[in-house]
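Enquirer: What follows is the residue order along each chain.
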Amino acid sequence: MVNGIERPLDLLNNAKGKEVLVYLKGDKQVVGTLLAFDIHINLVLDNVREMQNNETKRNLGLAFLRGDTIIYISPASTALKKE
Amino acid sequence: MVNGIERPLDLLNNAKGKEVLVYLKGDKQVVGTLLAFDIHINLVLDNVREMQNNETKRNLGLAFLRGDTIIYISPASTALKKE
Amino acid sequence: MVNGIERPLDLLNNAKGKEVLVYLKGDKQVVGTLLAFDIHINLVLDNVREMQNNETKRNLGLAFLRGDTIIYISPASTALKKE
Amino acid sequence: MVNGIERPLDLLNNAKGKEVLVYLKGDKQVVGTLLAFDIHINLVLDNVREMQNNETKRNLGLAFLRGDTIIYISPASTALKKE
Amino acid sequence: MVNGIERPLDLLNNAKGKEVLVYLKGDKQVVGTLLAFDIHINLVLDNVREMQNNETKRNLGLAFLRGDTIIYISPASTALKKE
Amino acid sequence: MVNGIERPLDLLNNAKGKEVLVYLKGDKQVVGTLLAFDIHINLVLDNVREMQNNETKRNLGLAFLRGDTIIYISPASTALKKE
Amino acid sequence: MVNGIERPLDLLNNAKGKEVLVYLKGDKQVVGTLLAFDIHINLVLDNVREMQNNETKRNLGLAFLRGDTIIYISPASTALKKE
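Going down the list, the sequences are from chains A, B, C, D, E, F and G. So the first sequence is numbered by this note's numbering: it starts at 1 and just counts up by one. So the second sequence is numbered by this note's numbering: it starts at 84 and just counts up by one. So the third sequence is numbered by this note's numbering: it starts at 167 and just counts up by one. So the fourth sequence is numbered by this note's numbering: it starts at 250 and just counts up by one. So the fifth sequence is numbered by this note's numbering: it starts at 333 and just counts up by one. So the sixth sequence is numbered by this note's numbering: it starts at 416 and just counts up by one. So the seventh sequence is numbered by this note's numbering: it starts at 499 and just counts up by one.
Please keep in mind that the hints were generated in silico from the structure rather than gathered at the bench. Since we're looking at a predicted model, the values are computed, not measured. Each residue gets a CB set at the ideal place from its N, CA and C atoms; glycine is no exception. One should not assume that every hint holds.
[Stated by the list, open to error] Footprint (simulated), chain D over chain F, 3 or more residues, beta carbon under 8 angstroms:
#1 441-451
#2 454-468
#3 477-490
Produce the complete structure using the sequences and hints provided.
Expert: Rendered as structure tokens:
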């Protein structure tokens with residue numbers, strides 16, 4: 001499952017088109033489909049939902065997230081499978 | 084609808100001339116028409132309104148927003164459509 | 167009115183010699199006439215007033231503002247016209 | 250045991266494929282298997298668990314951690330052996 | 333009075349040898365004679381006084397101020413004239 | 416004792432293989448043997464102990480510390496000798 | 499007394515071998531003899547004392563201080579002479 005991850009950005013490349021959980025500074029969490037990223041870890045997600053206590057707080061549709069506010073990014077399939 | 088987004092800045096390019104919701108550090112939100120942006124994610128918006136609890140708190144007209152205070156940018160049409 | 171803004175710095179160039187509202191981190195607001203700026207968004211303003219609740223708290227005359235403390239800059243004419 | 254560590258990144262290189270404890274800003278701790286890192290100290294971990302008071306708070310599976318939120322990284326074998 | 337200010341650093345150049353008010357992050361204010369500055373806005377001031385509520389809290393003599401803690405710098409003559 | 420310190424990194428070079436006290440942002444202190452450092456002041460320490468009120472709070476064994484969370488580094492022999 | 503200060507680093511150069519007061523972010527103050535500095539304003543001090551309310555809180559001996567935590571540096575002779 002983790003084949004082909006030699007550099008950190010490989011994880012993001014593998015996650016394109018899939019749902020990811022993004023944890024932001026200030027305890028903010030969003031879930032969405034990863035469409036694009038760059039070396040600054042700026043992301044574009046689609047079908048974005050801000051989450052709070054595992055419930056959707058706000059639907060954003062498309063969103064551009066600035067990389068420097070991100071703490072971690074986890075493919076939702078692996079994050080949710082084990083929760 | 085998300086065609087043509089290969090890099091994060093493509094989203095901003097597609098949103099030019101349209102309304103965007105910008106979420107800033109310190110829980111500040113503004114809505115306005117995106118006129119210009121650069122690689123630092125500095126933005127110029129027109130018809131800017133500072134929002135609080137979905138109500139307009141202040142009208143700013145034109146404004147230059149520094150990129151490093153931005154958490155996310157969402158085209159208002161997709162953000163509002165689903166809210 | 168927004169003609170000629172292709173890049174964010176165009177807004178600042180158009181605002182030279184005019185009054186701008188500058189919103190700083192830490193909820194500080196100043197109003198003054200924009201004399202100069204650079205690519206770091208360092209500004210020089212004249213006739214600077216620190217504002218609080220729409221009242222002048224302190225007159226500073228000339229001031230150099232470091233760019234990295236700035237959240238947004240709005241030409242005062244458009245900001246005030248709609249307020 | 251510490252042979253071959255001449256530069257800080259050597260420690261991360263030695264820890265590949267092993268469990269590490271990562272302490273993040275904001276008192277957040279995660280444990281996981283180190284798969285990849287880069288010079289920004291961005292990490293990819295597998296089998297990630299957020300820890301609180303030595304108990305697992307959340308299972309994340311795979312995760313990309315941005316380097317600038319990291320305070321320290323300790324190979325879990327040495328950290329746990331002595332605790 | 334504001335002749336010759338085409339770039340922000342021109343203000344600092346004009347203020348050399350004169351008293352300036354420096355407002356620092358964390359609500360700290362110092363007044364002193366500007367001796368030198370560089371492009372990082374590092375400053376050397378002489379006859380430095382830390383100010384609190386318009387009163388001198390501490391005399392520092394000479395001091396080197398790191399640029400990244402500075403919010404604004406105002407020539408004291410213009411700041412004090414209008415206060 | 417302080418011979419040979421012409422540049423700040425010389426202190427770290429002299430301290431290799433010796434115990435150092437590292438004071439981190441957020442009032443965190445660790446003590447350990449300095450194995451390696453780089454120009455970002457990233458450190459690798461061995462026999463790391465998190466300290467609180469002069470008592471060991473946690474043993475970490477080996478650890479990689481990111482430079483940007485460090486306030487100061489003091490060779491423990493000089494720090495402890497005088498305490 | 500202030501001859502020869504044309505650039506901010508000249509002050510640090512003049513202060514080598516002399517006692518300086520260093521004010522750090524988070525209201526921390528240290529006094530020590532300046533041995534070395536670099537362009538990042540990283541410092542090495544000897545005979546370092548952490549100060550609180552003009553009293554010595556802790557003796558550190560030699561210490562490396564990271565530049566980005568520093569607010570100001572004042573040669574102690576001028577700071578203390580006037581206090």
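Enquirer: Each hint needs a verdict: does it hold in this structure or not?
Expert: Hint-by-hint comparison with the structure:
| no. | hint | result |
| --- | --- | --- |
| 1 | 441-451 | holds (count 5) |
| 2 | 454-468 | holds (count 5) |
| 3 | 477-490 | holds (count 7) |
Violated hints: none; the structure is consistent with every hint.
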